[in-house]
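S.K.: Chain residues, written in single-letter form:
Protein chains: 4
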Amino acid sequence: MGYTAAIAGASGYVGGELLRLLLGHPDIAIGTLTAGGNAGTRLGDHHPHLRPLADRVLAETAIAELAGHDIVFLALPHGHSAAVAAELGDSTLVVDCGADHRLADPDAWTAYYGSEHAGTWPYGLPELPGARERLASTKRIAVPGCFPTSGTLAMFPALAEGLVRPEVVVVAATGTSGAGKALKPHLTASEVMGAVSVYGVGGTHRHTPEFTQNLSAVAGAPVTVSFTPMLVPMPRGILATCSAPLTEGATAQDVRAAYERRFSAEPFVHLLPEGTWPTTAMTLGANTALVQVTVDEHAGRLIAVAAIDNLTKGTAGGAIQSANIALGLPETTGLPLTGVAP
Amino acid sequence: MGYTAAIAGASGYVGGELLRLLLGHPDIAIGTLTAGGNAGTRLGDHHPHLRPLADRVLAETAIAELAGHDIVFLALPHGHSAAVAAELGDSTLVVDCGADHRLADPDAWTAYYGSEHAGTWPYGLPELPGARERLASTKRIAVPGCFPTSGTLAMFPALAEGLVRPEVVVVAATGTSGAGKALKPHLTASEVMGAVSVYGVGGTHRHTPEFTQNLSAVAGAPVTVSFTPMLVPMPRGILATCSAPLTEGATAQDVRAAYERRFSAEPFVHLLPEGTWPTTAMTLGANTALVQVTVDEHAGRLIAVAAIDNLTKGTAGGAIQSANIALGLPETTGLPLTGVAP
Amino acid sequence: MGYTAAIAGASGYVGGELLRLLLGHPDIAIGTLTAGGNAGTRLGDHHPHLRPLADRVLAETAIAELAGHDIVFLALPHGHSAAVAAELGDSTLVVDCGADHRLADPDAWTAYYGSEHAGTWPYGLPELPGARERLASTKRIAVPGCFPTSGTLAMFPALAEGLVRPEVVVVAATGTSGAGKALKPHLTASEVMGAVSVYGVGGTHRHTPEFTQNLSAVAGAPVTVSFTPMLVPMPRGILATCSAPLTEGATAQDVRAAYERRFSAEPFVHLLPEGTWPTTAMTLGANTALVQVTVDEHAGRLIAVAAIDNLTKGTAGGAIQSANIALGLPETTGLPLTGVAP
Amino acid sequence: MGYTAAIAGASGYVGGELLRLLLGHPDIAIGTLTAGGNAGTRLGDHHPHLRPLADRVLAETAIAELAGHDIVFLALPHGHSAAVAAELGDSTLVVDCGADHRLADPDAWTAYYGSEHAGTWPYGLPELPGARERLASTKRIAVPGCFPTSGTLAMFPALAEGLVRPEVVVVAATGTSGAGKALKPHLTASEVMGAVSVYGVGGTHRHTPEFTQNLSAVAGAPVTVSFTPMLVPMPRGILATCSAPLTEGATAQDVRAAYERRFSAEPFVHLLPEGTWPTTAMTLGANTALVQVTVDEHAGRLIAVAAIDNLTKGTAGGAIQSANIALGLPETTGLPLTGVAP
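Protein chains in written order, with the UniProt record's numbering: chain G, 1 to 342; chain W, 1 to 342; chain Y, 1 to 342; chain E, 1 to 342.
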């Protein structure tokens, strides 16, 4: 156990998933756990599935509690991480599971989040070109959003190699845990079970500028992304169905080759055998992203689909993957390749 | 009870939904019920929710059983309806819930269904331009597929009025009942619950040419449709998320006006108040289609979403709606505007 | 439309189900709809599945709004109905879907509800011995709880005929809509989907004294009821598994005969063919109760199982059934025998 | 990796769960994987969530394939294990996940399974009195059924200490994976989602004699068990609600003390804090069993509830736990205490 980690916001779903994974991490010991309104309560009251930690008591989220750890994972509401990071100083690896430091464009931040931009940290999607180098030398990591993780992985090879025009359409189904534990009428079991809905339609979802930023960077030119999230009756998982018009002359062989090239050496991203399409069930609890791609000759489009667990590869697992890189550990340390099914 | 109806294929899901609706239809009496392998069994063994018909015994699907009714609803596997219709003659209204007579293009039929084309019947989507006239004078109705019903309703106003370019993307989530009662490994409860998957990706789903036909006819020019169906863990319902690039100069006001114009007088299609997005829960068991539309200025796309119950408006309810027209009854006779929720 | 009905508490699940059913009732017109905190909002905001009433605006729950109707259905929190009924006077049929007037024993009321007892009204379970006579001449109806409806129907024939000892065990699975729309952490979709839990264990659930009262009255002697409710991942439905020790000499034939005797003439309670066990899916949206009974020779117990829709036969449908009796209408008027499946 | 294990029946759900757990077991290497009809196919076709084993090819289930391993896990249909074990000889630890060797009474076997009894092996529920001693010295293990695992753990402390009369009632809700992968009409997603049903009512379920055997052995006298299984819409998990009449003089304190005594040192069985009731969500993917117990003074009954994952503690995890004992490894080796939630 070379390192210790504190978790701020341990009573939420992201906090719970960080703890589930860290319980199996050989090099990171679980240190102080903090919460806001739940400070003073037992962890077992919030995460009864984490038996070994049931009697841990949550401390107040405060610098005094978080300081002194090698790593601090932040699972806080927007707008809190910059101040915490400033006080912790550069000796601590700060991994922000929130959105605060994902966007490079202050105007995009303000347009979508309504507050002042807190600055940009290295973006924790190691599979993107150049990302591992940036993460290897940082003490600050911005963990990607769960939707951008799935859709970016599905589409970046095509954009990186100029196989599609920069007009991407993403329709992504998500389980309910992505919305956290807040009590909202449309997230009750009675409303969700047996129903599918869309929300944040027309470019209004906060993950839209993150998609645009990721894919534009890879394409080396502005990419538009039409992103529609869909809420489906399951607790976990994202399935992103993405497409874009093929560029003149791009063939199915080109497409397959590009995806194989990008993913053949990736430990967590698996391009499935041709003809096999991903389901979220293949990734439940695993840090994997399963991808498939095809070409629709008639419609002239490339279609790529990615499945992830929104809490694992989509948040907590992705956070630990990037932290491993920043700590100099093997990138896969403590991260499950195996899901739980059925 | 002016009319009598026989149902061929009464033990399946479509047959069950036809019976549920006809039990509440004031002008159509339920006549003979037939089945293939289930002939000789009680209806209650297959549809225990239809208490008033529990003791009806299923006859063999044969002309002798179906003849003598005013209406025959066919809920049969592909390839059977032409022969049945030929023997029943023109005095019987034949309503085919299968695919046999939907497509006008014999080559498209053969490419997607692998058999010889059986001819084209009037297409039972009354909301399409000119459809009511064609249905009013026919003795043969081709009931649309459930996906094309939802996606066509969502997109045809935009194409009819030239507000989008003819490059449509449809991603549609469906419940499992659309796949019928056949036993398949990927449709067991263990595999479906808690999981989302895609299938028929890349233009290979049989509803693709039906989409193309519908939207091209409305646009008056060839439309390409990239259609991806998605299987979600619910028994009923379709939510179709559709989009296309806006044409130069088309505004959000134009779009709203076009959809209001097309749907304001429709009894079953409801354009929701701005800002409200449909869920399948709003339509469970109802013959309604709920539609919303918006414009994504940044991505330059129109996005339209439609929710239906795949068994009601998507099949059996749509069939009865068209039959009402063909019989000269008020179009809404016996069809529920009210769903069952939560 | 001989009668008009107001509904107090129209924005909740019980209110919505009353409206769904009354939309199909030929003799009761829907009058004023009221709410507490939701007064002033559109009904469509709360029940988007009730398209024909979408634009109705909710009035404040107040006597002035409720007065002047033939019937007032109360779907209010505990403790409000006595005052409302007193002001409405005896010319109005008041149907209380809440618990206030179900229990005859003031001490039991106070023990379980913590307030003063408001008095006892005729109990709206028409299938119980003598109930129809009491309901035919009343202007006040106490609608049973959903669990007692299911379990009482399952067990009362055995107790009425002395076939079991008065020691009943009930384990009843319920969908989430029984808990209403209140926002509670354990009722979010993320917590409910994929999980089963128990609550109110050990006789602490408020429906326990109602069970005891019903079954003791039928048995003519005190009956103990061990009742355990179970929350399962579905929106609607109750399946009550009930058992009790057989009395000496009681045979399987006696049991079958007793249940057939009690239920053969019932319009809504159906004893299934031997060997067929009820599922909640058979009753979704219907006012039916499906019952099966058997004898476990080895364990010496009678086991009876009943399935209902908690919102239909379990609350709103049961309320209308009793109201029909009190109004002198045929008992089945406007109530569906047909469910929605799958 | 001190030991090697072969798995016969690797393409089913139990086989998949054995593999998921063995992938994390430090002392058992995964050897040959065999199947019946699926021999020759890739494991990835059957268990796409087990990425590290995706390319393993399934061998034919035959002695030649299974021989030469230290351990053979059998996940086969009933009636096959005796012959396999005979050929493997006493040098191999044979762990039978099927029912063949669970029952001691040949008549009970024949009555419930319809074939000749194959003999009795040590029963793999280590928490039962004396079980660990028997397992420590055996080369043959009969893995308990999933329902008996849950209900026995819930009730044996009460019976062992004479706190209840020997008349036990068990109503246990299960997810669908307990039924395996066989295609059956009532196990399709359309039929299961949104519905609850019972089956095997009245003592006809095959787990009934196993319950009786377990609890009678602990009580030292014949115990009757009325067992009703319930199918609920979730893939995994069992929640067993059990009760029995309290013996004269038994108090709530006695009960609590007895359960604490039995479970305080158990690594996998957790008696929850008073007032907290188990949900299956607390155990998903974990080898834990969560138990709560209370006394219903009015009904004079003890009620105990246990939650397990039917595939983990209920089958594959329980199998490995017993195998660890038989191998002389620490009992908890390679078995997760942590579940996956939400």
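Take these hints with a grain of salt, some might be off.
With the C-beta cut set under 8 Å, the calculated list includes, among others, these residues of chain W facing chain E [as the list claims (entries may be wrong)]:
| # | residue |
| --- | --- |
| 1 | R56 |
| 2 | A59 |
| 3 | S177 |
| 4 | P185 |
| 5 | A189 |
| 6 | M193 |
| 7 | P233 |
Hints were generated in silico from the structure; no laboratory data involved. It should be emphasised that the depicted structure is a prediction, and the values quoted were computed from it without experimental measurement. Yeah, the Cβ is synthetic: ideal placement off N, Cα and C, and Gly gets one too.
S.K.: Quick check on W/M193 please, does its C-beta sit within 8 Å of some C-beta on chain E?
M.R.: 5 Å, holds
S.K.: Is the hint on W/P185 kept, meaning its closest Cβ partner in chain E is under 8 Å away?
M.R.: 7 Å, holds
S.K.: Does the closest beta carbon of chain E sit nearer than 8 Å to the beta carbon of W/R56?
M.R.: Since the shortest Cβ distance to chain E is 19 Å, the answer is violated.
S.K.: Can the hint on W/S177 be confirmed by a CB-to-CB distance to chain E that is less than 8 Å?
M.R.: Holds, about 5 Å.
S.K.: Tell me if the interface restraint on W/P233 is satisfied: Cβ within less than 8 Å of some Cβ in chain E.
M.R.: It holds, given that the least Cβ distance between W/P233 and chain E is near 6 Å, below 8 Å.
S.K.: Would the hint on W/A189 stand, with a C-beta cut-off of 8 Å toward chain E?
M.R.: 4 Å, holds
S.K.: Can W/A59 be said to touch chain E, with a Cβ gap under 8 Å?
M.R.: 21 Å, violated
Violated hints, listed in ascending order, are 1, 2; each of the other numbered hints is respected by the structure.
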